[in-house]
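Spelled out, the chains give:
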Amino acid sequence: MIKPIKPISAFAGLFLLAGCANKAPPADYTALKLENPHSILVVPAVNRSTEVTAPNYYLTTIPVPIVERGYYVFPINMVKRVLEDDGLSDADLVFQGDPTRLGEMFGADAILYVTIERWDARYLVISTTVTVDFSYVLKSGKTGETLWKNQVHLEYTPQTASAGNPIADLVVMAVQAALTKASPDYTPLAITANATAINTPDHGLLPGPRNPQYKAGQ
Amino acid sequence: MIRIVPVLKIGIILLCTGFVAGCAPKTQYTWGDYGPALYSLYSGDKDLDATALKLQKIIEKGEVKGTVPPGIYAEYGYILLSLGKSGEAITFFQKEKQLYPESTVFMDRMIAAAKIPTAKPSAQIDRPELLAAKDSSHDQTN
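Chains S and R are the protein sequences, given in the same order. Residue 108 in my numbering sits at position 108 of the first sequence, with consecutive numbering throughout. Take the position in the second sequence, starting the count at 1, then add 218; the result is the number in my numbering.
Watch out, some of these pointers could steer you wrong.
Claimed, not checked - Which residues of chain R face chain S? A partial, calculated answer using Cβ under 8 Å: (1) Y247; (2) G253; (3) L256; (4) Y257; (5) L259; (6) Y260; (7) P287; (8) G289; (9) A292; (10) E293; (11) Y296; (12) Y318; (13) T322; (14) V323; (15) F324.
Just so you know, these hints were derived from the structure itself, not from any lab. Treat the numbers as computed from the prediction; the structure is a model and nothing was measured. All C-beta atoms, glycine included, are put in the ideal place defined by N, C-alpha and C.
Start from the sequences, fold in the hints, and give me the full structure.
Have a look at this one:
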């Protein structure tokens with residue numbers, strides 16, 4: 001829990017998180033409810049960003065929120081390596097391929113395709129802005145039908161050296177490291193973005209079968 | 219000010235769900251250093267024994283409370299398989315299958331693959347071209 005002693009510093013970081021959770025009308029959950037997937041296969045992310053390391057680092061952030069939402073998620077690294085060994089290392093090809101074949105191959109009820117639209121830091125004169133932007137598509141492993149979609153865009157502009165706030169410090173460190181390191185680490189921001197995409201009411205994933213809030217036969 | 223408060227509350231929930239350092243989130247499962255372990259792997263850390271050890275720790279903690287997360291037994295089994303320990307790998311694939319029956323199809327394939335002495339650690343799909351789109355420029359070089 002964030003310590004209540006420092007409410008302002010904790011929130012300062014948040015204010016600078018200019019986030020767009022989906023501003024569209026509430027999602028239509030008809031297909032998702034009907035299909036009622038119990039297991040989700042997350043395939044390696046399609047990369048539209050300028051950072052070649054983004055897909056691998058992104059992958060490390062995605063299983064936890066989906067499992068905690070109440071779904072079985074297939075082992076992330078194992079799936080990635082098995083796909084590679086079977087000639088499916090090209091994320092774009094997998095994205096365009098038939099989800100039902102993957103459903104059959106792994107016994108997966110649904111396949112989650114994530115596209116990394118942005119994963120970068122822009123260095124301006126007086127400030128630096130870190131941006132992540134992900135779009136998500138969940139397709140049925142049985143019919144190939146789209147069950148759920150979402151998109152999240154998060155920009156972070158650290159304003160203080162240390163706000164005494166964990167996420168501000170982490171992102172500041174990441175940004176500073178980015179100036180000297182070849183592979184910037186935006187995983188803390190990615191974690192927040194995923195949490196937003198998956199848990200926000202009316203746009204996130206519905207609670208899954210392993211979630212106490214799951215409503216069977218809805 | 220009043221309008222800001224609900225936004226901040228959502229923010230806290232999000233941050234805590236985001237597993238940020240300094241925040242102790244309530245999770246259903248015991249994840250330990252899973253994210254960082256994978257991160258290390260993808261940062262070029264070739265030490266599979268170290269990765270195995272990290273996964274082993276997660277398993278040990280999880281088994282105490284019965285909260286080993288989905289996929290962890292299997293991930294561990296896969297690392298063992300990559301280290302040539304197919305017998306042990308099979309044990310963990312079976313544990314995954316037992317704890318999470320959703321994994322049955324995949325685990326059965328991997329157990330079968332692990333039993334073949336010279337097989338690569340893969341699901342050895344017979345017809346990979348079925349899985350790709352029209353572009354079939356991938357060569358299966360074995």
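Tell me if R:G289 is really an interface residue toward chain S, meaning its C-beta lies closer than 8 Å to one of theirs. Cβ of R:G289 sits 4 Å from chain S, so the hint holds.
Next item in the hint list is R:Y257. Is there a CB on chain S closer than 8 Å to its CB? At 5 Å from the nearest chain S Cβ, R:Y257 passes the 8 Å test, so the hint holds.
Interface restraint verdict for R:Y260 against chain S (beta-carbon cut-off 8 Å): Holds. Min distance 4 Å.
Under 8 Å, Cβ to Cβ, is where R:P287 needs to be relative to chain S, so tell me if that hint holds or is violated. holds, 6 Å
Using Cβ atoms only, decide whether R:V323 comes closer than 8 Å to chain S, and label the hint accordingly. holds, 2 Å
Interface hint outcome for R:G253 [beta carbon to chain S under 8 Å]: holds, 5 Å
Holds or violated: is the Cβ of R:Y318 closer than 8 Å to a Cβ in chain S? holds, 5 Å
Can you verify the interface hint for R:Y247: is its Cβ closer than 8 Å to any Cβ in chain S? holds, 6 Å
Closest C-beta approach of R:L256 to chain S relative to 8 Å, hint status: holds, 4 Å
Hey, does the R:F324 contact hint survive, CB to chain S under 8 Å? For R:F324, the interface hint holds, since the closest Cβ of chain S sits about 5 Å away, which is under 8 Å.
R:A292 as chain S interface residue, shortest Cβ-Cβ below 8 Å: holds, 4 Å
Under 8 Å, Cβ to Cβ, is where R:T322 needs to be relative to chain S, so tell me if that hint holds or is violated. holds, 6 Å
Violated hints for the displayed structure: none, as all numbered hints are satisfied.
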